[in-house]
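Heads up: the protein sequence lines correspond to chains A and B, in order. With the first letter of the first sequence counted as 1, position 84 gets the number 84 in full-length UniProt numbering; the numbers rise by one all the way through. With the first letter of the second sequence counted as 1, position 187 gets the number 187 in full-length UniProt numbering; the numbers rise by one all the way through.
Accuracy of the hints is not assured; some may be wrong.
Partial list, computed: chain A residues near chain B (C-beta under 10 Å) [what the hints assert, rightly or not]: (1) Arg10; (2) Asn52; (3) Met61.
Worth flagging that the hints you see were computed from the coordinates, not collected in a lab. In this text, a Cβ means the ideal position worked out from N, Cα and C, and glycines have one as well.
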Amino acid sequence: MYNLVMKDVRLAIHPFFFLFPFLMGALMLIPNWIYFIVLLYFCWITIPNLFNQFKAQNDLMFTSVMPVAKRDMVKARVLVIVGLELLHLVTAAIFGFISMILYPDTNYLFFPPNMGFWGLNLVMLAIFNLIFIPLFYKTAYKFGWALFAAVTAAMLFAGISQWLGIQNAVVNDIFYGTDAQQVKLQTFILIAGILIFVALSIIAYRLAVKRFRRVEI
Amino acid sequence: MLALDVRNVNKRYHNFHLKNVSFQLEKGYIMGFIGENGAGKTTTIKSILNMTHMDSGEIHVLGRNMSEYELELKQEIGYAMGGVDFYTRSKVKALTEVIKKFYVNWDDETYRNYLLKFKLDENKRIAELSTGMKVKYNIAIALSHGAKLLIFDEPTSGLDPVARDELLDIFQGLVAEGEISILFSTHITSDLERCADFITFIQNGQIVRSGEKEEFKESYLLLNGAATQLNQVKDRLISYKMNSFGFTGLILARDFNNSWDMKAATPSLEEIMVYFAKKEDEYV
Chain A
1 MYNLVMKDVR LAIHPFFFLF PFLMGALMLI PNWIYFIVLL YFCWITIPNL
51 FNQFKAQNDL MFTSVMPVAK RDMVKARVLV IVGLELLHLV TAAIFGFISM
101 ILYPDTNYLF FPPNMGFWGL NLVMLAIFNL IFIPLFYKTA YKFGWALFAA
151 VTAAMLFAGI SQWLGIQNAV VNDIFYGTDA QQVKLQTFIL IAGILIFVAL
201 SIIAYRLAVK RFRRVEI
Chain B
1 MLALDVRNVN KRYHNFHLKN VSFQLEKGYI MGFIGENGAG KTTTIKSILN
51 MTHMDSGEIH VLGRNMSEYE LELKQEIGYA MGGVDFYTRS KVKALTEVIK
101 KFYVNWDDET YRNYLLKFKL DENKRIAELS TGMKVKYNIA IALSHGAKLL
151 IFDEPTSGLD PVARDELLDI FQGLVAEGEI SILFSTHITS DLERCADFIT
201 FIQNGQIVRS GEKEEFKESY LLLNGAATQL NQVKDRLISY KMNSFGFTGL
251 ILARDFNNSW DMKAATPSLE EIMVYFAKKE DEYV
């Protein structure tokens, strides 16, 4: 398993994609921006580049010839995706924290980068994983339509929740508030986000294994 | 002991069918796996490596069932595919560093020795290696993890005659001690004339014949006769070609009758392949 992850890290993933989270994270320093976009860059840029590289370098063939189980091939790939997602999320959260200190008096139109917002981001990535990973493993090399569907779903989730955050007084109160009660609620949303992210990523992995077993390499 | 035992493998695609493919490779020998493009060579090899799902059949490698012991057996199989490259922009060194971690019996010293023997430069990128060097690199990897069965899919296609000759010498050297066995698919039959011990001939998804090379060739005869004699033997010929002197046709040696006043000679592997392909065309 570890060997498979290291194979991706050493051969397939350009170091740029490990620095990219810091570049994108810095976008959190733009005051009062739509911060959902920061993590969406992962879906828009990192994922297609990564999967194009796997395809161009015949990674599927390369790995299939080696003594590794199909299940582990999927597990390692899911860990790589989840690992990069968390790297993006954590760096963005750190930059978000700095952003809140830099601009303390901002009257946020879009979600402020608080814990509740990161909870929503985790759900967005969970939806992305749940759609992208199983759809990709139908062939294990074609990723275009899987990416299109997953990005659309993630953007819809971001768009609808942001719209609710602006339009709906209750949702607005929960996500924009800074009182102790609201912060507590935001913490719960973050925890719920973590649980949903873990659960959906595991489901995505299981579905992907099932499909990958049927793939003719 | 059998290095490879393929039993009744069936696999149906919508436009192609692998039918009851069976053949055996004795340990310590080289088997040439021949057939025209699209005959089913690669599909058979993929079935051996458990990369496609067989509809039915069994594969045994070194006495053990591949579907049960896939991971253990893959430790003992070396595989190289001509013309397909992996991670071509990576350096040989980087690729080896990754690959070696997957094999429990990896031996760095053996690897170093083969690098020297094959004059492989570790600092070159895969894309910078010649076709022959790539095959040698694959051999070095396979032998360094102690592979006992080497499966090469068209390893000599795209090689110049000098590199081919060198590679065939290497193959023969590898099996000399009797531990390593090679299954080697190709459509360049002259390579097999030189180094194969056994021949398995596949056509249109079916094994035509599998056996010791000389016996394989001697089981056929190439007949030369006048055009007027053709009708006498036409029904028994596998296929034939007309030329200005008469006809040339391939026949099973047991169907040949000495009383016929015709020249008969043992065909080459290429001639056997060509006449079988011609027969196929006639039915189309």
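Hints, one by one, checked against the model:
1. Arg10: Given a least distance of 5 Å, the restraint on Arg10 (chain A) holds.
2. Asn52: Nearest chain B Cβ about 13 Å off; hint violated.
3. Met61: It holds, given that the least Cβ distance between Met61 (chain A) and chain B is near 6 Å, below 10 Å.
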